[in-house]
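K.L.:
The lines below spell out each chain.
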Amino acid sequence: MIALSEQSARRTFNAEEEVEEIYRETRGAVCAYLLYLGVSDDRAQEVTQEVFLRLFQTMRNGVAIENVRAWSFRVAHNLGLKVRSRERALRLVAPDWDRFIHPSDSAERELLNRERKTRVAAALEELSPQQRNCLYLRSQGLRYREIAEVMGISASSVNEFLRRAIARLAEVAGE
Amino acid sequence: MNKTEHLTVDDLILFMDREVDGGSSAKVEQHLLNCTDCAKRLRSLKSGSDAYVEYRDEVLEPALHVPTVGWARLGQQFNKEKRQRWGWGWAVACACGLGLAFVYLQLPKQPNAQEVLTQAAAVPEQATGSLVLTSGNERLFRPAVLEAGNPEARFRHVRALFVDAHYSWEKPLSARSFADWRRSLPQKDDSVSFVGDSGNRKFYRVQTRTEAGILRSAALTLEIDTYHPTKAEFAFQGEEPLEIAEQKEPSRNGLQKSQTTPPVTPKAVETPATPDDELRVFMALDAMGAEAAEPIDVKLDEEQHSVLVTGMGIEAARRKEIEITMAGLPHTIVQLSGGQPLEGDAGSATAGSNDGMADESLAFRQSLQDRYGGARPLEAATDKALDASNGLFARSHLLFLLAREFPPGVEAGLTAKGGASLLSLRQRHVDAIDGALRHLKEELSPLLTEAVAGEATKNANWQSGAEDLFTAARNLDRLVSRLLAGRYTEEAGNTMLKQLPNELAKVETLLRAESATNSR
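Protein sequence lines correspond, in order, to chains A and B.
With this note's numbering applied, the first sequence corresponds to residues 1 to 175, in that order.
With this note's numbering applied, the second sequence corresponds to residues 1 to 520, in that order.
These are computed hints drawn from the structure, not numbers from a lab.
Just to be clear, a hint being listed does not mean it is correct.
Here are the computed lysine-lysine pairs in the DSBU-like style, where the Cα-Cα straight-line distance is at most 30 Å [to be verified]:
(1) K188/B <-> K202/B
(2) K82/A <-> K384/B
(3) K202/B <-> K117/A
(4) K46/B <-> K82/A
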């Protein structure tokens, strides 16, 4: 009994240390994803902490998690959708490219660049929310299978969504 | 694959995203070296991908206002959570607190990776003993230290990976080897954590991750007291994770295994596998979700000693999930291989490389958009239709496997419980196919003219119609994928539009026959 208590305490201690470290490294990305899903600014931080608290509980119970980053996104996705449904819809941000004009850029090049970015933004607007979500998670370094798990769809659907989305962006980026 | 057979957009994107296995990746790379067209298309896709990252960095994330301050330490939350969990008794809470304090005092302060490795490298290394290498289903044994020279054939591939990564293959379980590799990296990210085993041993786990080279992550586990390395874990790009550990005496307590997957090895089988064993496999697959069965085959081996679960092109995480699930089932051998199969069937080719099609394809796509009332509704409907079609195909595949493995004679020989389970499983597949078909028709309705299902005839038994239903579902899936997500000429598009109601009707007719047979 004593040995069990010590083992449990040791596991708790290890889980705390590990989760604190993961939390420091990953909280920004998870919070960004929640905000992206449409969770309000004042709730996103709180929900992010909830994600990592759940991670702590899971690890403390001795459950092995193969990819903690993907796991965190999946829990954030589920929590985010619950909170978001009472708040607002998925964000799509209208670009203000003037903020990115660099004095060193020639006027012509800048104009072309801005046009390209506007086309990209317009093309993104035409994509489905699922396609945009796949693109976002992919850009966060998640593998297709992990994206599928986060979104609750099949890996082949992720493949389809990404293929069409990237091909479309390539078309407009290269025009 | 040669120069005249261009890569599909799918191949290129999977290659770009490193979602193909090592062998296929090498083939694509070889093709790209010889084919300027495909190399150009890859660059174009990369520019599309970069454009998104640019948008995310410059527009999306700045607008999200991710907070950089105001983050509470989780420790307070942990304590609160622990208080809630242990709130049933002050005495217990105190005991746990004392226990934690005890453990805390027992554990050393956390050093950094450099400190641990420097200390460990100074300790004389053992030159005897054996190592066990575990990767996926494979386990290999070798001496702890090897002389340089020609490796045995079974080690050639893994040795090549180590050589490529500049990591000592001669002494892979060594703090010095780890430190040498780590030192050679231009960029790296270290972490050190404490792990314990079920005995009283404590370990450091030093992990280094990098984006440079083929070895993306390595972790070395060392005994805290002696700095003796007991385990090394390697993640080579595009490869199964590899673990190298000391080969332990059976009586010696090893590092706690609860964090790792037990390797699945063929079991020695003394009694033959039964159809009930096979049915358990199907039920386990069903519980994991239909998509698991998409590229998987399940059958009794020729001698009927084992249930074989085989499949190709299954992603590593999914493979592991299936292996873990199947590990507890009797007489079951899992033989899955990874990567995405590059050689897709002709019907599913969703993009050609002929740029001349672009204008026509765009024109046809515009006509599809008109039917749906715009680009966004079309995209949304496409997503849903592809999901439904995918589900329909996967479930038909499961039904087909079930029918093939449980023909009437075998079904009759099942136990009463087994027979009931089989009926229930079959019914779930039929219901799921029915649901997926309804969703698919709904999403495709703007494209459909009169779709008249043929008259359903009762099959002699439920098994006899399953293969035809599977074939029809596969044809429909190919057609839907190509129509909604492919690039083709306007003429081909119009032909597909004409075929669509017939293909749907075929599936519907066969499904009705299946249902009618079920309801006998």
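K.L.:
Which hint numbers doesn't this structure obey?
P.N.:
3 and 4
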